[in-house]
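Visitor: Given next are the chains, with one letter for each unit.
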Amino acid sequence: MTSRFQAASSEVSPIQHTVSPYVVGASVLAIKYRDGVMMIADTMGSYGNMARFKDFHRLHKVNSTTAMGASGELSDLQYIRDMLEELTLGDFQQDDGSQLTAKEVHSYLARVLYNRRSRVNPLWNELVVAGVEPGPNGQAFLGTVDLYGSNYEEDIIATGYGQYIAMPLLRREWRADMTKQEARTLLEKCMTVLFYRHCRQINRYTLSDVTADGVDISEPFELEVKWNYKQFVVPTAQQSLVQ
Amino acid sequence: RKTTERRKKLDCARSETMSGIGTGYDLASDTFSPDGRLFQVEYASKAVDQMGTTLGLCCKDGVVVGVEKLVQSRMLVKGTSGRVMAVDTQAGIAIGGLAADGRQIVNRARQEATSYRDFYGVPIQGKVLADRISMQMHMYTLYWFMRPAGCSVLLASYASDGPQLYMVDPSGSSWGYHGCAMGKGKQIAKTELEKLSLGELTCREAVKAIADIIYQVHDDTKDKLWELEMGWVCDESKRVFEPVPRDVLKEAEDAAKAKADAEKEREKAKKEEELKKKAEKAAEKEKEKTEMEVDKA
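Those protein sequences? They're chains A and B, same order as listed. In this text, residue positions in the first sequence follow our numbering: the first is 41, and each later residue adds one. In this text, residue positions in the second sequence follow our numbering: the first is 12, and each later residue adds one.
Heads up, a few of these hints could be off.
Said to hold, decoys possible - Here are the simulated lysine to any residue pairs, SDA-like style, with alpha carbons at most 25 Å apart: (1) K89(B) / G137(A); (2) K266(A) / E194(A); (3) K89(B) / D131(A); (4) K57(B) / G35(B); (5) K89(B) / K266(A); (6) K249(B) / G254(A); (7) K101(A) / D246(B); (8) K138(B) / G137(A); (9) K279(B) / Y154(B); (10) K89(B) / K101(A); (11) K101(A) / G35(B); (12) K101(A) / P254(B); (13) K101(A) / K279(B); (14) K249(B) / P208(A); (15) K249(B) / P174(A); (16) K101(A) / G132(B); (17) K101(A) / K138(B); (18) K249(B) / L129(A); (19) K249(B) / M123(A).
Said to hold, decoys possible - If you want a taste of the chain A side facing chain B, the calculated C-beta under 10 Å gives, among others: (20) Q133; (21) D135; (22) E173; (23) P174; (24) E262.
Claimed, not checked - Chain B residues, not near chain A, derived (Cβ > 12 Å throughout): (25) G103; (26) Y154; (27) H189; (28) K201; (29) V251; (30) E264; (31) E283; (32) A293; (33) E297.
Note that these hints are calculated values from the structure, not bench results. Even glycine gets a Cβ: it sits at the ideal position worked out from N, Cα and C.
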């Protein structure tokens with residue numbers, strides 16, 4: 041089958057390597073909770089300092105048990121998404137009720153990204169794969185893969201600046217038996233903090249919730265932000281030295 | 012000398028073949044007969060006519076296809092070796108004729124659908140897919156080293172051009188249909204299909220109608236073991252080609268079976284009535300005969 045995702049053996053074009061990303065997405069945060077896995081990301085594509093695309097959805101449904109989120113180069117995200125759609129279509133055509141599980145998708149992406157890294161032509165992304173195994177005792181799965189092919193599974197995952205700003209908050213407040221509302225509140229809180237501090241994020245998010253009932257990706261929503269903190273209104277620099 | 016020897020051998024072969032319709036011009040699929048027929052292609056169509064009935068109905072909200080899958084042995088697991096297969100999310104194929112040939116056609120159709128999606132970013136339209144399948148099946152009729160596919164395929168598609176039903180036969184010609192049948196019971200099936208009001212039928216009604224017709228044309232004495240396999244792509248299935256849901260299929264099958272059984276009972280009762288009448292007539296004749304003999308005596 042002529043799939044553009046297979047390396048063509050007789051290409052005569054000049055060799056190209058990704059040296060830097062151009063249109064990028066900011067952090068993705070994800071946590072396991074009592075009923076499954078929840079993931080959140082904002083909907084912006086930044087072109088350097090410019091807020092270029094304000095409605096770019098970075099969370100995708102792979103199949104009925106798995107969702108994927110990505111930060112980093114958004115064209116590579118689209119390429120990876122098309123690749124996964126082709127795999128899912130192949131599963132559908134087999135018509136035997138079996139689909140790729142989240143663990144398999146994670147493994148596949150890790151191999152693809154590592155292969156690209158080894159050819160020094162990386163897909164410049166940090167991917168998050170979330171899913172719940174089908175069946176009555178389905179385990180929740182949460183894993184990440186980065187542009188080097190480094191991959192691991194964890195209960196709480198953050199990409200980009202989220203690793204620095206959101207991770208400490210998540211580590212402090214996460215519990216394995218959180219309810220859906222508690223999990224959502226925690227993720228929203230971390231995203232709000234990121235919005236205050238990350239210069240390349242906007243206040244417009246999509247949330248994906250994977251449970252035994254399937255994958256649900258929300259419509260974009262806003263979070264409440266405050267700008268009347270005392271130190272924003274009267275910055276420290278302007279306060280008198282004598283208190 | 013070599014060519015004359017070869018021609019002599021062929022002439023011998025020609026005279027030795029059974030005097031059938033094609034005599035001599037039916038040995039290779041690349042040979043025309045004097046009256047312009049390609050016999051191998053026609054024989055391939057005959058292979059389709061020997062197999063179980065396959066039906067398709069194009070409704071206003073989708074397309075439904077059904078196959079009378081004749082089964083060889085009681086040992087076979089129910090539900091395996093399907094004749095109805097998805098090509099893409101919005102299209103599927105029902106195979107009539109040799110299942111193995113049909114499976115190859117489906118594989119090719121899947122490649123075409125996937126590469127179209129890859130290239131153009133949208134699902135392939137029904138008529139485009141039908142065209143691609145036709146080209147494939149037609150290609151098999153062009154070369155002496157290939158044989159025509161021994162199957163006809165019913166393509167059910169619900170893409171941007173709406174619900175479409177196409178049949179592609181072994182010659183590679185494809186036609187769009189409102190309702191279509193092939194296989195053993197195709198004559199009766201076609202007559203029954205024409206009775207339906209095709210413009211107003213919904214897919215649910217079509218499932219019942221197809222189950223009905225297949226149970227009607229199915230010959231219990233010849234083919235005891237069989238399964239009814241149906242697939243649809245419609246608004247109800249969210250425009251995804253899938254096997255007809257078990258509960259819908261069961262409801263339709265039960266109704267069809269009941270109707271077919273009722274018909275059989277009626278036929279049986281009729282036959283018994285006729286036999287009874289015949290027996291009564293024979294008894295009367297006997298009576299008359301004995302009376303005449305008595306009179307004579």
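Visitor: Run through the hints listed earlier and report the numbers of any the structure violates, in increasing order.
Guide: 2, 5, 8, 9, 10, 11, 13, 14, 17, 22, 23, 24, 25, 29
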